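Visitor: One-letter residues, chain by chain:
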Amino acid sequence: MLQQVNRRQRKLALFTLAPAMAVFGAFWLLPFTRLVAMGTELDRASGMSAYFAILTQRQYLVSLGTTLGISLAVSALAVLIAGVAGFFLARHSFPGKAVLVAILTFPLAFPGVVVGFLVIMLGGRQGALAQFSMWLLDERWMFAYSLSGLFVGYLYFSIPRVITTVMAACETLDRSLEEAARSLGAGSWRVTRDVIIPGIAPALLSTAAICFATSMGAFGTAFTLGTRMSIMPLTIYGEFTNYANFAMAAALSVVLGVITWLALSLARKLAGTSLGAPA
Amino acid sequence: MNRLRFYLQLGFTLWVCLFMIVPVIMSVMAGLTTNYFVGLESGLTLRWVQEVWALYADTIWLSIRLALACLCFTVLLGVPAAYGLLRSKRRWANAMEEALLLPVAIPGLATALALLLAYGHMRGFRESWLFILIGHVLFTLPFMIRPVLAVMRGARLAELEEAAASLGAGFRQRFLGVVVPNCVGGILAGALMVVTLSIGEFNITWMLHTPLNKTLPVGLADSYASMRLEIGSAYTLLFLAMTLPLLVVIQWAGRVANRSRTP
Amino acid sequence: MTSTSLTLEGCGRTFPGGQVALHPLDLTVAAGETLVLLGPSGCGKTTTLRIISGLESPDAGGRVRFGERDVTALPIEKRDVGMVFQHYALFPNMNVADNITYGLRIKGLSRDTIRQRLDEVMAMVDLQGFGARRIHELSGGQKQRVALARAIAVRPKILLFDEPLAALDAKLRDRLRLEIGQLLRKLGITAVYVTHDQAEAMALGDRIAVMQAGRIAQLATPREIYHRPTSIFVADFIGAVNRLEVHATLADGLLRVSGGELRAPHLAGAAAVYCRPEDIQIAADGNADVRGKVRQSLFLGQSQRLLVDLGDNACLQVETASRRRWRTEDPIGLRLPPEALFHPERHAYPTKELEANHA
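Chains as they are written, first to last, in UniProt numbering: chain P, 1 to 279; chain X, 1 to 263; chain U, 1 to 359.
Same shape as in the complex, but just chain P (with noise of 0.2 Å):
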């Protein structure tokens, strides 16, 4: 008899639900339990549990610290060059513009692979960069297969997240308060400062975090650039295919997971929107 409606309510959120719950739970949420079970089981180099070998073998070390490392220093790059475009294509309209905005944006749902393939086409044997030293110097200067690389290619399906997200960010700024602050005496340099850059400062981060974690996972560019750099996901795959070190692998995964997951949680707790495409 008692509260009858919100029993009603209830049995239905539940109903509506449980098919993706279902199809979570067992393709998902099963599957991932069972991975981080078989990161305590026994990695076969070191014979020490899987995460206890992270912790103390160099060359996981080494792979970790150079993962979080380049994808930090993509974020911030790409958070600046991307913040100076994507502010100026906001504040102002000129013929052309959609066309610039178009070409900045469409890369975003590029997969990594293709990302990985236009770097070659870039820094590559035959790339833009080694024709130009060739006409210039007779000199063949590569990027594409090394680090920098992986570091132009980040950057290159970084870029795009940035832009949507601080045009969106100044186009919802309250104008009202830059014009306040100009009223008051501010110069347009303090008026960045003061006004704009506070206020687009939580839109910043978030999608910061968002290029951080995509650049940790990014599997697609770095498996096209070369499988022989020690980079997170290439070691995972590594471990997995050729060593079949299956506990290395999944504790890798997971610690892995963790770390993106809490930089995307930071992403949505700052903005509340975005899913952070893939890459």
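Just so you know, these hints were derived from the structure itself, not from any lab. Note that this is a predicted model, so its numbers are computed, not measured. A virtual CB, placed ideally from N, CA and C, is assigned to each residue, including glycine. Where hints are given, some of them may not hold.
In the DSS-like style, the derived pairs of lysine-lysine whose C-alpha atoms are separated by at most 30 Å in a straight line are [claimed, not checked]: (1) U/Lys186 with U/Lys171; (2) X/Lys89 with U/Lys78; (3) X/Lys89 with P/Lys269; (4) U/Lys78 with P/Lys11; (5) P/Lys11 with X/Lys89; (6) U/Lys107 with U/Lys186; (7) U/Lys107 with P/Lys11.
Short, incomplete list of chain X residues facing chain P, as computed with Cβ under 8 Å [unchecked claim]: (8) Gly84; (9) Leu117; (10) Val137.
With chain P's structure known, arrange chains X and U on it following the hints.
Guide: This is chains X and U only, laid out in the frame that chain P set:
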């Protein structure tokens, strides 16, 4: 002074644009020139595109099939789930939404490993394209739920449903007659995202694919590693031709939705 | 239209957190009567309406009856109610006619009946020719008329209104209020109407239930509520009211207050007296009961409101004709007729006789 600043910023933005567009143009050109090492003077040709089609047509068909199947599943699972989230207690709903987001928040490689280690021993399942489909559904489901839920929240759906109920409509009548028609916009937005993401998905798919089940991005990685540059480029060209129209529609739809939200 | 009476027995509502939205409540609405639930936000009026509609269930022990039938366990879709919502709740995916006939189609009525019923209610709410319009093409007032038509098209046992005019602007609100009143009279249907607007409540209610903090503070006719409020809350919530502290009760039923003495035999011994601003008259020196100075005057167009300082921090609000101009510090004499003085909590009102004289 202001003019100068404008041109400085414009110049900077143009450089960024060059960085984004030059490799794409080079790739397109490489796919259409007879011999990229010689350059454009070797002439334009569709030979590489034809060769790609001969080698990789099945990957394109599989990707389309996967994307459409993925779309069906995400609609059937995602629209009711969004409704369920709308109707659940806030705390519960947040927790479940967070859970469903995990396959997006965690690198695809990890999800794929987990799937392989849990279900890899089921031969028939592991070798069928359904195994890849599972990965794609997990990964794209939040992109269906998100926009549908947003539309549901914005549409005063609770009140509309109460109105329908007060006129005698039961749950099924309300769901199909009032709820679904009023979040068509969200479903369409979600569908575009789901299809685009599914066609481009690599990180999960690479681990789950078998030699007989290669998707378009898997084929791309394969051609980048083992084919000559022109073939890889021509293949990329085909991929862009498939996804760019979807992206244009997504952008356009987003802009229309934005405009209608601020009348 | 056949109408049904409505009974609530011991209907309370406690939220899961333990917060009481509604204390157990008994209420009867006669067949054909319009009851208005009036009160500030959070008073429990909407909860009451939702319990009647079946959108919420009462706590254990509560009963809802339509006529003789116990409908407590029925969900809203089985209760045969018509409901008009604050934000219209029109289905944006359907046009006007489809919205109005939605309930009829759910019931599976024949196409002819539906057609006929549609024409009938469209005429009733003055929307002929609007059938093919899309919802977003309508104005607020038109939308609310469609909502009204949709609710009455199913010939409900009871019609429920959840602040239907709150989203409209003032002019439109007045007009629609009149139309709803006429329609309710014409249909003779049992109706429960929730609002926080006292003018709406007065105009539409056969009876008004003023609610406060999850309880009914007073349930009576509009006239009764206004002139004989049973609590200070009701007196204060409906219209404006002055409170004057009584310093002493003298002989002959005279009460000493700041600025003078009042004749009010029916209030002997009271600590304070209450009166409405419009019942106070401006009087020449000889006739004045109290004297003071104008502290502020507020010109309202059809009238003006004076704030009169009687000394000792006592003030009176007086509503008077707007022609004469009053300035701050002008001395003023006021007459407070006995029939205008009351005290809600002592249930001390002037006799009917006095009221008649005053009229």
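Visitor: Decide, hint by hint, whether the structure agrees.
Guide: Taking the hints in turn, this is what the structure says about them:
| no. | hint | in the structure |
| --- | --- | --- |
| 1 | U/Lys186 with U/Lys171 | holds (23 Å) |
| 2 | X/Lys89 with U/Lys78 | holds (25 Å) |
| 3 | X/Lys89 with P/Lys269 | holds (20 Å) |
| 4 | U/Lys78 with P/Lys11 | holds (18 Å) |
| 5 | P/Lys11 with X/Lys89 | holds (12 Å) |
| 6 | U/Lys107 with U/Lys186 | holds (25 Å) |
| 7 | U/Lys107 with P/Lys11 | holds (25 Å) |
| 8 | Gly84 | holds (3 Å) |
| 9 | Leu117 | holds (6 Å) |
| 10 | Val137 | holds (7 Å) |
When each numbered hint is compared with the structure, no violation occurs for any of them.
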